Amino acid sequence: ALAYVPFDHLSYLVRVNNPQMQSLRYEGGSLEVLDQLLVPQSKEYVKVPDAAAAWSVVRTMQVRGAPLIAIVSALGLASEVRARADAGENASGAAAFLQERMAYLRTSRPTAVNLSNAMDELSAVVAKAAQTQGATALQVYDAYIAAAEQMLVEDVKANKAIGEHGADAILQSMRARGRGDAKAKVLTICNTGALACAGWGTALGIIRSLHARGRLEQAFACETRPYNQGSRLTAFELVEDGIPGTLICDSAAAALMDTRGVDACVVGADRVAANGDTANKIGTYMLSVLARHHGVPFFVASPTTTLDVKTPSGRDIPIEERAPEELTCMKLAGVLQRVAAPGIKSWNPAFDVTPAPLITGIVTEKGLVSRVAEGQAAFDVAGFLASEESPAKRRNVNQRLD
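The opening residue of the sequence shown carries number 3 in my numbering; numbering runs sequentially from there.
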């Protein structure tokens with residue numbers, strides 16, 4: 003049997019940070035994930051016993067959100083490893099098996115960099131363990147499982163810190179505009195809460211932190227077509243947690259800013275390039291343009307695991323394109339209903355890229371990323387990582403000159 007014993011507090015960490023909704027359950031090496039395609043109509047959990055199941059729940063968007071994609075992929079393989087522990091391999095065989103499965107997991111969704119970064123880090127752990135003098139297959143598997151489970155711990159901690167730093171940044175921007183005594187009105191898109199991470203959330207975590215301080219007047223959530231993550235998931239989280247929230251259609255964002263006022267836009271990130279260009283759910287770029295026109299600060303919430311110094315700019319970020327049916331049809335009560343005229347062509351990118359000049363600040367668990375220089379538009383992502391102790395530093399800093 004494996005020598006490594008899972009952290010007893012892993013499942014507790016997830017529950018305590020989002021008691022009403024757990025994006026995953028991980029106890030005793032067994033992984034289950036909330037099927038987000040069924041929310042809010044029902045809460046059903048799907049078993050993820052191996053890497054193939056992890057790949058499937060990510061690809062079909064039963065699980066989504068850049069941080070959660072990485073964690074579920076890592077823990078899905080950890081569950082498979084436990085079942086394989088007595089396969090009779092040597093250390094090199096165990097390492098080869100893990101490397102092959104990690105290469106497969108990378109292919110599920112290409113835009114979110116968290117998955118690739120996580121696999122890079124775990125690959126290095128496996129290689130080091132296998133090269134240790136006298137290493138056994140069980141020791142290699144132990145090393146992988148320990149590192150995968152530590153990612154869950156770090157994600158929960160990072161999300162709470164992002165929430166606090168982001169709340170500070172929004173309140174500071176309000177003071178600068180003469181609204182220091184007011185409660186914040188915040189607009190967001192997609193779902194960046196507890197359902198996108200192991201707990202609390204990134205952009206929605208900032209909204210949660212404002213609410214916890216008594217400084218939130220209203221959270222406005224874009225419905226986020228075509229997959230409706232805002233209306234299905236963010237609205238669900240707001241209602242479940244008793245956070246004052248209002249749902250709007252995506253095309254109402256400009257009217258909202260103009261007529262009702264918004265103190266800040268805060269969005270998540272699937273990949274932040276070295277210059278600060280940010281890939282996020284389709285419609286984010288549109289919001290940033292509207293925010294600039296209306297003088298609304300625009301913040302990106304990103305754990306350091308989403309910062310990618312290997313990608314120079316947004317032009318270099320691969321953008322996933324989804325099936326036309328996700329745009330031309332809607333699934334209601336499990337039944338696919340066509341809403342567009344048969345025969346019409348469709349273009350369905352899952353993400354767009356917001357240029358760095360349109361971003362007010364990039365909020366991480368270590369604070370805000372600074373610009374390359376005062377008055378310049380680009381952010382110094384590599385310099386930020388180099389100056390901070392973070393998981394991403396271990397992965398990326400030595401690669402920034404490649």
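Everything labelled a hint here was simulated from the structure, so no lab data went into it. Some clues are possibly wrong.
Straight-line alpha carbon distances no greater than 27 Å define the calculated DSSO-like cross-link-like pairs of lysine-lysine that follow [as the list claims (entries may be wrong)]: (1) LYS159 to LYS312; (2) LYS130 to LYS45; (3) LYS333 to LYS312; (4) LYS45 to LYS159; (5) LYS347 to LYS130; (6) LYS185 to LYS368; (7) LYS185 to LYS162; (8) LYS368 to LYS162; (9) LYS333 to LYS159.
Label-pair restraints from in silico Cβ distances [unchecked claim]: (10) GLU327 to GLU46: 42 to 52 Å; (11) ALA379 to GLU46: 26 to 36 Å; (12) PRO51 to ALA379: 20 to 30 Å.
Remember, predicted model here, so these are calculated numbers, not experimental data. Heads up, the beta-carbon is just placed ideally off N, CA and C, and yes, glycines get one too.
- Query: So which of the earlier hints does this model not fit?
  - Reply: 2, 3, 5, 9, 10, 11 and 12
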